[in-house]
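Chains as they are written, first to last, in UniProt numbering: chain A, 1 to 153; chain B, 1 to 153; chain C, 1 to 489; chain D, 1 to 489.
Quick caveat, the hints were computed from the structure, so don't treat them as lab data. Positions of the beta carbon are idealized from the N, C-alpha and C atoms, including for glycine. There could be a bad hint or two in this list.
Unchecked claim - No more than 27 Å apart at the CA atoms, straight line, and that leaves these computed lysine-lysine pairs for DSSO-like:
id	chain 1	residue 1	chain 2	residue 2
1	C	179	C	102
2	C	434	C	451
3	D	329	C	329
4	D	102	A	115
5	C	434	B	115
6	D	434	D	266
7	C	234	C	266
8	C	45	C	451
9	D	234	D	266
As the list claims (entries may be wrong) - To spell it out: a stretch of chain A is covered by chain D in this simulated footprint if at least three of its residues, at any positions, have a beta carbon under 8 Å from a beta carbon of chain D; those stretches are:
id	region
10	44-55
11	70-76
12	92-98
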Amino acid sequence: MQLGEYCMPTTVILGVIGSDAHVVGITILDQALSAAGFDVENLGVQTSQEEFAAAASEHDADAVLVSSLYGHAEQDCQGFHELLAREEVDVTTYIGGNLAVGQDDFEQTRTTFRKLGFDKVFDSETAPEEVIRSLERDLGISTREAETDRVQA
Amino acid sequence: MQLGEYCMPTTVILGVIGSDAHVVGITILDQALSAAGFDVENLGVQTSQEEFAAAASEHDADAVLVSSLYGHAEQDCQGFHELLAREEVDVTTYIGGNLAVGQDDFEQTRTTFRKLGFDKVFDSETAPEEVIRSLERDLGISTREAETDRVQA
Amino acid sequence: MIRDERLTADELQRIDERIRDDWPTGSAVDFEEAIAYHESLPAHKQFADVLESADRPLLQPRAGVPCLDDQVSLLEHLHGEGAADLLPTTIDSYTRDNEYGKAQEGLENARESGDATLNGFPAVNHGVEGCRELVDRVDAPIEVRHGTPDARLLAAVTFAGGFQSFEGGPISYNIPYTKEGSLAQTIEHWQYVDRLAGAYTERGVTINREPFGPLTGTLVPPSIAIAIMLVEGKLAATQGVRSLTLGYGQVGNVVQDVAALRALRKLGNEYLRDEVCVTTVFHEWMGGFPPDEARANGVIGLGGTTAAIARPDKVITKSPQEFQGVPTKEANAAGLRTTRQLIDMVVEQDIVLDGVDEEQALIERETRCLMDAIEAHGDGDVAQGTIEAFESGALDVPFAPSDAAEGAVLPARDDDGRVRIFEWGELAMDDDIKEIHRARLADRAETEGRKQSFRMVADDVDAISDGKLIGRPTSDTGGGRDGGETRAD
Amino acid sequence: MIRDERLTADELQRIDERIRDDWPTGSAVDFEEAIAYHESLPAHKQFADVLESADRPLLQPRAGVPCLDDQVSLLEHLHGEGAADLLPTTIDSYTRDNEYGKAQEGLENARESGDATLNGFPAVNHGVEGCRELVDRVDAPIEVRHGTPDARLLAAVTFAGGFQSFEGGPISYNIPYTKEGSLAQTIEHWQYVDRLAGAYTERGVTINREPFGPLTGTLVPPSIAIAIMLVEGKLAATQGVRSLTLGYGQVGNVVQDVAALRALRKLGNEYLRDEVCVTTVFHEWMGGFPPDEARANGVIGLGGTTAAIARPDKVITKSPQEFQGVPTKEANAAGLRTTRQLIDMVVEQDIVLDGVDEEQALIERETRCLMDAIEAHGDGDVAQGTIEAFESGALDVPFAPSDAAEGAVLPARDDDGRVRIFEWGELAMDDDIKEIHRARLADRAETEGRKQSFRMVADDVDAISDGKLIGRPTSDTGGGRDGGETRAD
Ligand code: B12
Ligand code: B12
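Chain A extracted, bound-state conformation:
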C-alpha cells in the first residue's frame, strides 16, 4: 500500500498519555499505521494533554490516538476533550490499551471513556489492523474501503 493511494495524506497523532511509559503498543501501532500509508506523528510515552492538543493543531491532524496501559487513563483524560475544544482542534479521537485498574468489565470502561468524549474506545486485544480499518471508516478513506471490499468479497 503506497501513500499515493490516498487522495491526501491522512495524519494521525499517536502517544501515551499521563506518566505512563508503556511504549511497545504505540511502537507497533506506529509501524503498522505508517506501513498502511498514514502520516504518523508519534509523541512517545508520557505525553501531556497539552502536547497532544498542540501536535494535533500543528499538524492539522485527522485523528488523535491516545494510548494508556498503566491503569490511570481515566484520571489522565479528565478534561482532555474540553481542552481540544478550547484549542479548536476538531479531530476524531480514539483511546486504547488497558484502560482501567484491575479486572474490569470492558463495557463499563467503554462507557466511561465515551462519556469523556472519545469517539471510539479499544481494549488491549485490539490488533493494529482493526485500528486501520476503523480509521478508514471514520475518516472516510474510500479508496481503501473499496479495495477492502474487493479483497473480502
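Since the structure of chain A is already known, use the hints to place chains B, C and D with the ligands on it.
Relative to the frame of chain A, chains B, C and D with the ligands by itself:
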C-alpha cells in the same frame, strides 16, 4: 504402634463398592490401618453390598469402610444399610472417596450419604491419619486417644 | 486354548450375530451400510488420517455425558473453546460392565432430571443412529474411550455408528479396570474387536486402535507399560488392525518420560509388522492430582512441556479439576489451552536433555526382558505367553486390582524422581537391571535417611498431589494428605 | 560531573535533609530510631538473611493497593493462600513521578470510595508509621517494588519504615520507565538510595537491593540486561550495598534462559567485589501475556519449569490475569501456586540441557564487550562510562521509551526462539558476534521464506500472547492480534 496396645483387636472391613476399580486409595488405607494396629479385611475393588455385609458378619467387624471414587457411589449404596440391618450387622459405617459425579459441593454430598445411613462421610482429601483418628474416637479406643493427647499437648 | 491367530470370517460373523443380541440396538448394525456411511464422512473426520498426517502433537481431552445433545455441546465446546484437535466420547461405567439395562435407567433419569447420573455416554443405548448423529453434528474426529473389558457390542455399535478410533485392549482394559475377568477371556473378546476393526480397514475404512498405556496410572514403570503396549499391538495387528496408537502415561520425570516415549516409538516400529502405522500418545499425569486448580495447572504444565520435548503424535490432556471429579467443560477446555500454549512455546525449541539415551537404552533392555519372557512363556505365541507370564508374575502391573495379575511389583522413585522398582515379585528381569534399580533406590534411601519400605511407596503415590515429585519424609505433619508420618509407624 | 564514588557522610546528610522536606511524612524519618526498629524485627522478617540462606528458589509476587488494611490483607492472602516466601509492596504511579499530592488525592479517594484509584501503595503518603504497621502486621519479609526514577524520599521513608529490600536502579528504573530523565540525574539520585542502604548495612541492618533486570520486558537480549545489572551492582557496591539481587526476565527459550541466569550469576560474582553477596532473581515472562487465563497458565508453567532448571535464588511470579489488568488476589496466589508446583516437581530432577554452555559463553562474551565499552567510554569510571555509552548507542535497550537511550537496537527470535539482535544501531559488539546473530536470523528468515524486517520484530512481540514463541507468518489472518499480515505490507 503394636497390636498389643489395643485391649482387643479392632477389625475393619475395607473395600470399593459397585463396579469401581480404583484400588490405590484402599491400598494406602489398608497399609496405614494395618500399621496402626487394626485388623484389616480388604475386600478389594468391585465389591457388592452383599460381600461387604457377609464379611462384616463373618469377621464380627467393628467398622465397615466403603470406598468409591468413580462417581456412582449414590446408586451403589442404595439400600446398603437396610441390608446390614436385615443381616443384623451392627457396625460403624464410613464412606469416603470421590462421592459425586462432577464438581459438587461436599456439604450436599455429605447430607446425601448421611441420609443413606453412613455414620461418617469423607472427601477425597482425607489422609489415612484422619481415618485412624476418627475410628479411634468412634470405636472408643482409649489407649490411643490418651497417647494422642500427650503427643498433641 | 486361545492363541494369537486371526479369527476367520466365519468366527467373526458368528460372534457378531451373537453379540448383537445383547441389547436391542445391536440389531441396527449392518456392516455394508456402515462402510457406506464412513465413506460419506469428510476428510477432516477421518481419525487415522488426521492423526497420522499431523505435523505437531495433537490434543485430545476426555469427556462424556449421558445425553446426546449435551454430548454434542460438550464436544463443540472442547473443539471450539479448547481447540482440541481430536475429540473423545467417554463411556459410562455401567456400559463398561455390560449392564446396558442399568445404563438405560441412568440415561432415562438423566433425560428427565437433567442431572448427569451416569459418568459417561452410554453409546450402546444411544445405538447406531445416536452415534451417527453425534458424529454428524460434531466437526472433528471422535474416539471411543472407555475401560470396558468386554467391549464387543460397544465396538460393533460405535464402529457402525461412525467412530473411527477405539481405545483399550485385552490387558490394558482388564488389569487396571476389573477384579475378576480372566485374561484368556478378555483376549478373546478383544480379538473380535480388533478383527472387526481389521474388517473395516480392509474395506478402506481405517479404524484406529489405541491400547491404554497408563494402566493403573500410578507409578507404572515405563518398561512394563511398553511391553503391554507391544503385546496389545501385536494382538491387534494379527487381526488386521493397521493404525495403532501406543500409549504412555507421564511419570513426571522429564528425562524418563522423554526416554520412554522414544523407546515406545522405536520398539513399536520394531515389534510390529511393517504394514502397521504406529503412532504414540502421551497421557498427562494419570495419578492423583493436587486438590487445587492452580497447582493442578502446574502438573498440566509439566505435561505440556514434556510433550513438547518428546513430541508424541497425540497428547491426552487433563483438566485443573481432575482431583475433584468430572470437570466442567470450561475446565476441560482450559486444560487443553494450557497444554497447547506450552507445547507451542516449546516445540520449536531444540531441547536435548542429557541422559535420555541411557535411560532409553535401559527402558529398551527392560522391555526386551519382558517380551522375551512372554515369548518363552507362550512358546512363541504372544496371547498364550501373556496369560502365562501374568500367571507366573513374570509380567505384572503395580497397584493392579485384578486377580489376573500378581500385583506384587511395587514402584518407588529414585533420588532423581525416576520410577524404579522396589519390590520385584517374580517380574522377569535380568539381575544386572535389578541391580541398577536397587542402587538408585539405595541412593534415595540414603538421602532420606530411612529404609526402603511401603511407606516410601505410599509417600510417592501422594507426592504430586502434595505438591512434590518425590515423596520425601517431612517433619511438617500438619499439611493434609501427608499427615500420618509420625503416627502410622 | 557525576562519578562512581561514594557519597561522603556530609553529602548523604545534606541530601537527606533536603529530600525529607518534599512531603510532610519525611520529617518522621530518624535514622537512629529506625536502626532500633529494624533490630527489633524477628529473624524471619530479615529480608537478606531469608533470601541468602534459602535452599530452594523463593517465590515473590507483585502486589500493591492504596489503603493500608487492604494491603495487609492482600499480602496475608499471598503469604497464606499463595505460600509466597517473600512479599512485595508495589508503589503507585504518582509516587513514581514524585507527585505525592496526586497520590494523596488518590489515597483519600480510595479510602472514601473503596475503589482502587491508585495502581499501587503510596508508601510516602502512608509514612514511616504506616509502613511499620504493614511490616508489623505481615509475617514475612517485604520488598518495595516500584519503578521510581527518583526514589530518594521513597527510600528514606520505607527504610525507616522497616522495609529491608528495595528494587530498582539508576538505569533500570530510568530507561524503561521514563521519557525525559537524564541518566546523570538518576545515577545521582540512586547514589543516595544506595548510600542510605549502605549506611543501614554498616549498622548491621542489611538492606537488600535489587536492580530491575527485565528492563522493558520485551525481547531484551540477555547480555544487555546482564551488563546493566553489573553496572547497577557496581554503583550500589561503591555506596556500601552488600546484598545485591541481580535480575533477569525470562525470554521463553529454555536453553537461553538457563544460560543467561548462569552467566548473570557468574559475572555478578566476578564483577562485584568480594564483600557483596550476589543472589539472582528470575522474572517470569515480562512481555505481553495471552488474553486468556488458561493460556497464561501455560506461560507461567514454562517460567516455573525454567526456574526449576536454572535455580535462581528468587522467582518473581506472574498471575494468569496479567494480560487484563492488576490481578485479583486469588489470581495472584494462583500464579504463585502454579509456579511452586512446577518448581517443586522439577527442581529435584537432574536436568542438563545441551547447548547451555555454548549459549552461556556467547552471553558472557557479549556482556564483556558491553562492559569493556562502558569502561572505555568512562575512562574507567562506570558512572560516566554508562552515561557516555548510552549517549553513543554503544549501550542500548530495545523498546526504550527514554530519550536517554538510542532505542535503535531491535531484537528478533532466531529459528530456535532465542532472542538475537536484528538491528544493532551503534551497540558495542564484536563483529564475529554480530556474525553469529546474523547467521541465526538468516536461518529463520529462510525457514519463513521472508526477509528480516520490523514486521518480524512485531510478530515476535505478539507471539507469546498469540500462543507461540516465535512470530512466524501465518496464512490464517482471522485470529485476533495476528491480523494485518496481509494488508499492512
Ligand atoms: C511490558 C510491560 C511493562 C514494561 C513496559 C516497558 C515499556 N516501557 O514499554 C514495564 C516492565 C516497564 C512495565 C511497567 C509497568 N507496568 Co506494565 N505491563 C507490561 C505488559 C506485560 C505488556 C505490555 C506490552 O508491551 N504489550 C504488547 C503490546 C504490543 O500490546 P499493548 O501495549 O496492549 O498495545 C496493543 C493494544 O493494547 C492496542 N493499543 C494500545 N494503545 C492503543 C491506543 C489506541 C488508540 C488503540 C486504538 C489501540 C491501542 O494496540 C496495541 C498493538 O496491538 C502488560 C500486561 C500485558 N498486556 O500482558 C503490563 C501492564 C500493562 N503493566 C501494568 C502496570 C501496573 C505497570 C506498572 C504501573 C507497575 C509495575 N509493576 O511496575 C509499571 C508502569 C510504569 C509506567 N510509568 O508506565 C498493568 C496495568 C494495569 C491496569 N491497567 O490495570 C499491566 C496490565 C500488568 C498487570 N496485569 O498488572 N510494564
Ligand atoms: C488413578 C485414577 C484412575 C486409574 C485407576 C487405577 C486403579 N485401578 O486404581 C484408572 C486410569 C484405571 C482410572 C479409571 C477410571 N476413572 Co479414575 N482416577 C484416577 C485418579 C487420577 C487418581 C485416583 C487415585 O489413585 N488417587 C490416589 C489415592 C491415594 O487417593 P484416593 O483414591 O482419593 O483415596 C484417598 C482418599 O480419597 C480417601 N478415601 C478413599 N476411599 C475412602 C474410603 C473411606 C471410608 C475413607 C474414610 C477414606 C477414603 O483416603 C485415600 C487415601 O488418602 C482420580 C483423580 C484424582 N484423585 O486425582 C481419577 C478419578 C477418581 N477417576 C474418575 C473416573 C470417572 C474414572 C473412570 C470412570 C473413567 C475413565 N476415564 O476411564 C474409570 C473408572 C473405571 C472403574 N471401573 O472404576 C473420576 C471420578 C469422577 C467423579 N467421582 O466424579 C476422577 C475423579 C477423575 C476425574 N476428575 O474425572 N482412574
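Evaluated hints:
no., hint, in the structure
1, C/179 to C/102, "20 Å, holds"
2, C/434 to C/451, "18 Å, holds"
3, D/329 to C/329, "25 Å, holds"
4, D/102 to A/115, "23 Å, holds"
5, C/434 to B/115, "52 Å, violated"
6, D/434 to D/266, "23 Å, holds"
7, C/234 to C/266, "15 Å, holds"
8, C/45 to C/451, "54 Å, violated"
9, D/234 to D/266, "15 Å, holds"
10, 44-55, "holds (count 3)"
11, 70-76, "holds (count 4)"
12, 92-98, "violated (count 1)"
Comparing the model with each earlier hint shows violations of hints 5, 8 and 12; every other hint is respected.
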